[in-house]
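2 protein chains.
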Amino acid sequence: MKRQLENVYEYIDGNTRDFVETLIRLVRQPSISAKGEGVKECAELVEKIMRETGLETKLIQPAEGNPLVYGEIKSKESDKTLMFYNHYDVQPPEPIEQWISGPFSGEIREGKIYGRGASDNKGNLVSRLKAVEALLKIFGELPVNVKFVVDGEEEIGSPHLKQIIEKHKELFAADAVIWEFGGTNRKGNPCLYLGLKGILSVELQVEGAVRDVHSANAPLVPNPAWRLAWALNLIKNEREEILIEGFYENVRPPLPEELQYVEKIPFDEEEWKEELGLKEFLLKRSGVEALKALLYQPSCTINGMISGYTGVGSKTIVPKTAMAKLDFRLVPNQTPSEIFRKLVNHLRNSGFKDIKITKYGSTEPVKTSITHKFVKTVAETAEKVYGKQAVIYPLSPGSGPMHLFKQVLGCPIVSVGCSHPESNTHAPNENLEIKSFIKGTMFIATLLWDFASSS
Amino acid sequence: MKRQLENVYEYIDGNTRDFVETLIRLVRQPSISAKGEGVKECAELVEKIMRETGLETKLIQPAEGNPLVYGEIKSKESDKTLMFYNHYDVQPPEPIEQWISGPFSGEIREGKIYGRGASDNKGNLVSRLKAVEALLKIFGELPVNVKFVVDGEEEIGSPHLKQIIEKHKELFAADAVIWEFGGTNRKGNPCLYLGLKGILSVELQVEGAVRDVHSANAPLVPNPAWRLAWALNLIKNEREEILIEGFYENVRPPLPEELQYVEKIPFDEEEWKEELGLKEFLLKRSGVEALKALLYQPSCTINGMISGYTGVGSKTIVPKTAMAKLDFRLVPNQTPSEIFRKLVNHLRNSGFKDIKITKYGSTEPVKTSITHKFVKTVAETAEKVYGKQAVIYPLSPGSGPMHLFKQVLGCPIVSVGCSHPESNTHAPNENLEIKSFIKGTMFIATLLWDFASSS
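Respectively, the protein sequence lines represent chains A and B. Under the working numbering, think of the first position of the first sequence as 1, with each following residue one higher. Under the working numbering, think of the first position of the second sequence as 1001, with each following residue one higher.
Derived by calculation from the structure, the hints in this document are not laboratory data. Do not take every clue at face value.
[Stated by the list, open to error] Pairs of lysine to aspartate or glutamate, EDC-like flavour, derived with a Cα cap of 20 Å:
#1 A:Lys147 to A:Glu166
#2 A:Lys315 to B:Glu1155
#3 B:Lys1315 to A:Glu274
#4 A:Lys284 to B:Glu1207
#5 A:Lys187 to A:Glu263
#6 A:Lys48 to A:Glu72
#7 B:Lys1353 to A:Glu203
#8 A:Lys35 to A:Glu155
#9 B:Lys1273 to A:Glu203
If you're wondering where the values come from, they're calculated on a predicted model, not measured in any experiment.
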């Protein structure tokens, strides 16, 4: 067996050029879900590449929104099914002027493929498909059943994924899921993420007079900007305590077995602060305390706000409106619907009935137990392939639609991938290191093998 | 004498068409000081019109900024000097699309001259010049010395007026000043304003990380928008109490003799609320209480604020900066420099050293004593010409450079004018009713006459 996996690695190594070409082909096809740019074309290209790999595919088109690309390949050797969740849509490339080469050029420089989606998430998708291809080429078939779910709306909050999963429950049945993202840290350790924070995005809107009014009249005209500032102050205080009544009541503290792993996570604190131009982190958090806050503290962030005159110099008006956008990052077992209700009640009960609250996207927090045997399989495989200890994040500070799979399938979900720390995902000059791409492909091939034989 | 003034009124009445043409000529010359548009050309046109009227003139050009037009005409009959303060610059006309005719077209519709500056302040300026013209035509000379100071930077806070006045103290010497604005209220009563609130405009700026950061990192990255919201909350509370330490310590309460006049001011409360789309004024103020707040309460207004993402939908970032613009309206005896110092200290002492505070324009509060005999002269003349009781505002909620004249000249200053309540100053479709324009011209001619004979 060992010898045979060596053949798979050889195949992967020998076909690097071809793998890179497939990824570049996919990167060159824009697929910006926020703007609807190239999305359909990209879905068709993904389906084509999946068919070339040997998968049976179908495009699942919701009544509204972008198609999801589904693909599967059955194994004669096993009843077990491993599912991959990826997405073919990408973040908008702006600010364009900060890209060294065009965001959809797929240019290679110094061993890296540059382009929006190179890492997030087209690189990870192609890496997984190429792992399947390598196993098929060497063994003629796969050690387990494999399913690919390739979302077309991940970057806009997967608004139609829930209805698709519920409608196609059997299609989505699996014993375990590999989530879309991950890679190695700066020291080369492979990282595993066992969960995600939830998120609730809202907008607060306040209205005053029907038009901007000369500020000489300020003693008589209600000012929505002041109303907004006061309302915000009722939501969080300077000690970063979220003041919404009952906000923390469902928060579960991290389990002792999770904290053991958190304490082992390397944390490039100084490097990160320097990159962000910060002398201190918030509340002077540092070390394990900072990591614990990052993973386990729910947060409330003003993402933006606007009111009145914001140009040069001064303009003496009482503005007619004020608006703020906020997101709440939620931890197990908070839910976005609970927090939204509590926020609405909190402002109502504090005398701010005049503030209109709009709910935008939301996802629930979710995690797979750190003691699940699938976690052990993935970690052991990673350590074997990378030759370094695996770093396990019991929770990730990010968010995504993982809970939809968890709720419907009830199976373990672990996120791993082939990115490296300078991949610049969601930023200009996104890229994927070819070496990481190829290593990640070997890792996935090995994982399919090891998953087949795991108890 | 009475008979002779009748001749002046006849002249004014008979030359209405010519007066209107002069005003339209001036309105058609844009003079937007905020953008530097047409300012020099307008100064030259004003000087030309003043010379045509019979004044000796000069353009006073400060080292930087727009020229001030000075004009005078000496009287052989009196040593007394009445000075008029006006301005030839106008507010920007935006939003352009809300104008029925072009903002610099000077179109006449239904007895009104439409255009930016028609009322504020070109109409008032031409009205005063035409009063002088009428007296000269009928009597061959003026009953008192007259001076015109026509500012070119009033709408941008008269940044160079102080240095001009200080440099030309003798040129600006006068026994009394008629300020730029005023008119009749909805019931046709002429209104007198004896003072102005002061103003201090500032900008608060907060910096966070060197770039917007993914909000998943909110537990570690300081958020300038939150800092700003908390700082604002330390400046004013929901009960509209300004919390800056020592803010109120120099505030002088209204004098009993002033309150007698305030209680007589008609206040179109319901009409105003309806126009602004408000159910209630701030703090449910109404009646004399509302008027007293409007005239005597200092205020702190957020004019505008901006941070992070303000487009459609949500964007999950911790913004890198946040900014708010505020103005403080000050009452006697507060000063802008005192309040600026107190604001800076207040934020420093409250743990907000990170907030950068920039000072924009400022003017000091100022008032002429309600018992001054010049006030009596102006009020009696107004009542005689308009046939209605004069309404006296001991203070106006607006601001302007009146204190510069008061400090240097030490003479009484009263603001009256020829506007009517629907003049839309600082708004689209600014206009001047021709009837008000002509009546205001008769008022100023009579006032020059009465001022000569007043003790």
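Hints and how they fare:
no. : hint                  : verdict
1   : A:Lys147 to A:Glu166  : holds (17 Å)
2   : A:Lys315 to B:Glu1155 : holds (10 Å)
3   : B:Lys1315 to A:Glu274 : violated (24 Å)
4   : A:Lys284 to B:Glu1207 : holds (17 Å)
5   : A:Lys187 to A:Glu263  : holds (16 Å)
6   : A:Lys48 to A:Glu72    : holds (13 Å)
7   : B:Lys1353 to A:Glu203 : violated (29 Å)
8   : A:Lys35 to A:Glu155   : holds (11 Å)
9   : B:Lys1273 to A:Glu203 : violated (28 Å)
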